[in-house]
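Participant: Residues per chain are reported as follows:
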Amino acid sequence: MLHYPEQFIFEISGIIDRFVDWILDTFGGLFDVITTVVLALFNGFDFVLSAIPWWIYIIAVAYLGFKLYSYLGGLILATMLFLIAMFGLWDPMIYTLVIIFISVFVSLIIGIPSGIIMAKSKPIESIFKPILDGMQTMPSFVYLIPAIMLFGIGRVPAVVATTIYAVPPLIRLTYLGITNVNKEVVEAGKSFGSTPAQMLFKIEIPQSISTIMTGINQTTMMAMAMVVIASMIGAEGIGDEVLISIRRLEVGRGFQAGLAIVFLAIILDRILQGFASKFNRTEGLDV
Amino acid sequence: MSKHIKVENLSVIFGKPSQVEQAKSMLDTDMHVSEIMEKTGVTVANRNVNFEIYPDELFVIVGLSGSGKSTFIRTLNGLNKPTRGDIIIDGENINDMDNMRLRTFRRKEVSMVFQHFGLLSHRNVLENVEYPLEIQHVDKKERTEKALEAIKQVGLDGWEHHMPSQLSGGMKQRVGLARALVNNPELLLMDEPYSALDPLIRRDMQNELLNLDDSFDRTIVFITHDMNEAFRLGERIALMRDAEVVQIGTPKDFFENPANDYVRDFIADVDKTRILKVRSVMRKPSYTALPSDHPKTLLEKLESGNLEFCYVTDDDNKFLGYVTTEQLKRSKAKSLERLVTEDNTVINRNAYLKDIWKNLSDATFEVAVLDGKKRLRGVISNDDIINVLAD
Ligand SMILES: Nc1ncnc2c1ncn2[C@@H]1O[C@H](COP(=O)(O)OP(=O)(O)OP(=O)(O)O)[C@@H](O)[C@H]1O
Ligand SMILES: [Mg+2]
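From first to last, the protein sequence lines stand for chains A and B.
Taking my numbering, the leading residue of the first sequence gets 292, the next gets one more, and so forth.
Taking my numbering, the leading residue of the second sequence gets 271, the next gets one more, and so forth.
Think of the hints as simulated: they come from the structure by calculation, not from any bench.
There's no promise every hint is true.
As the list claims (entries may be wrong) - Each pair of labels, with its calculated beta carbon distance range:
#1 A:Phe492 / B:Asp298: 27 to 35 Å
#2 B:Leu470 / A:Phe396: 51 to 59 Å
#3 B:Met370 / A:Leu321: 47 to 55 Å
#4 A:Glu416 / B:Asn369: 19 to 27 Å
#5 B:Ser435 / A:Glu416: 24 to 32 Å
#6 B:Ile656 / A:Thr486: 55 to 63 Å
#7 B:Asn369 / A:Leu321: 35 to 43 Å
#8 B:Asp487 / A:Thr486: 47 to 55 Å
Ideal Cβ positions, reconstructed from N, Cα and C, are used throughout, including at glycine.
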């Protein structure tokens, strides 16, 4: 009686395999399109980001750090980036950045309109809310499974998984920003005869821009976290460095890659937050 | 150039459609609104409201918080829809406006000023004031010109490029007013515009509004919960309580014939001498003549009305002077023009009673009341003032 009776074992793996096959057969065309688009984006972003010499990145980060914070801020951020280069991790970092930028780019295209629609339509709001809640509570590993199933191994599923993992905060914060625009301001807009499009582009989006910026920041950080994990399904980049060192039990190499990831995360976060607070300052809350 | 508004049996109810249907049938019973709310779960915000607002009038609606003032004013520009009844603005029923018409109506004919200003915090003063024109696609040069003019009107020149967050409350509300004036509306709606300001600034703003009102033909609907403000500003006032209008009239009517104890309580704290202005006590002149009138017919009219004199205005109601019955009797002139005597004891309608009392007690008959454009708006005599202040 110690063991679960064998005659009651019923594996569903076969059913799922057949289901996935069916999906691939039926919607194969769609996945081909997605693959083509993602690859094109990848090549485009990769081309641009790789074409810029390393020292320009460092100067740019130093300049932004100085503009958004202080001399010291610029110096610290630039040093971090320099250390990544010094560790010999520049190319993996660019690769990682490419995936992050694509995910953020696609998230902007999907996330902001979704957030707006969610704010405008009650039925869609009630559909999206539980989905977003579910997505945000699911562990990041879970996203890898459908990505592999549908796209196999490589860059494409990595980008897809990263994007899907990263988009919810942007949808949620866009929605929050739009619904929280001061009621009187919205009424003022209406009372002067704005069309719905004018309301959106001249009032609601500008009024919620700092919240949306926070969303972009969060989305970028989520992408950052996911892209490391996505190296398990074939994304190269810094995450791959960590993975290799774990497999080979190379502690020093793993630590070095980990440090590079932390630096990259800090640089992205600080720069985006700096921009977000710039928007905040021009707003003023009580108006 | 200014709107006439007729409100007929207007009710506005907030709640679920099925409950609203149920509540509708209770409107005409003598159930109290709180009772209707208990039974059906709806909020009756306006109940069977009936009145008229005349062109060029400064009409004030006063009442405690929750009495339904905002709901009413928001129905005037379609932010709320009537549950029942009609609002007819210059002959057009607001219920018959489709979305296109409502948009044009809001763009060209009516504007609103908000209690907490409702400014766009991401735009500077100039861009805020330009907004109503911008959404109508008025070209940049013209809208800047008009916006600068409106900004000047409210005394904010020099502040065009400041952000709203850099301004004091009073200045923010001036921006709100400039924005509402920029499209030159015929109807101006103001929902407690000065309630968020401190008393001294509030006083200034009130006087500025009266001056502005003087130089334009524009119907203004002004909401406040402050009785003193209501009496300082209003030509006529509607007092609301629990979604209904309790009394409508001039400040004088309120003091002389309060409709019930509630009204009496409400006006008890009002210091009449400080707040009452000539405009709220003056009467319509019994007869006004035009220079083109024939002296003989005018004489007949005056004699039949037992009048010793009458005022003369031109076609635009601009004040010219007076003629006396005596004069008319003696003269053989064919035209009135040469008979008109200039009159120097005129009073501005925004003067406080306490300030003009002296002048009036010297005058032997009623005195002409003029607005900022020297148009005849009414007459007032010493007795009028004594009557109002007496009780
Ligand atoms: N959109 C709405 N939905 C539901 N109830 C509403 C709505 N707008 C107003 N009410 C209710 O209608 C009643 C009248 O509100 P209204 O805002 O007209 O009062 P008010 O006289 O302007 O008060 P205040 O001085 O507080 O502004 C209140 O009980 C309010 O809660
Ligand atoms: Mg109100």
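Participant: Is it true that the C-beta distance of isoleucine 656 of chain B to threonine 486 of chain A lies inside 55 to 63 Å, as the hint says?
Facilitator: holds (57 Å)
Participant: Could you tell me whether the CB distance from serine 435 of chain B to glutamate 416 of chain A stays inside 24 to 32 Å?
Facilitator: Holds, since serine 435 of chain B and glutamate 416 of chain A (Cβ atoms, about 31 Å apart) stay within the stated range.
Participant: Given a hint of 35 to 43 Å, does the C-beta separation of asparagine 369 of chain B and leucine 321 of chain A actually sit inside it?
Facilitator: holds (38 Å)
Participant: Return holds or violated for the Cβ distance of aspartate 487 of chain B and threonine 486 of chain A against the range 47 to 55 Å.
Facilitator: violated (30 Å)
Participant: Could you check the hint for me, namely that glutamate 416 of chain A and asparagine 369 of chain B are 19 to 27 Å apart, CB to CB?
Facilitator: holds (23 Å)
Participant: Honestly, do leucine 470 of chain B and phenylalanine 396 of chain A meet the 51 to 59 Å range at C-beta?
Facilitator: holds (54 Å)
Participant: Could one say that the CB atoms of phenylalanine 492 of chain A and aspartate 298 of chain B fall in the range 27 to 35 Å?
Facilitator: violated (46 Å)
Participant: Taking 47 to 55 Å as the hint, is the beta-carbon distance of methionine 370 of chain B and leucine 321 of chain A inside that range?
Facilitator: Given about 41 Å between the Cβ atoms, the range is violated.
In terms of the numbered hints stated before, the structure departs from hints 1, 3 and 8, listed from lowest to highest.
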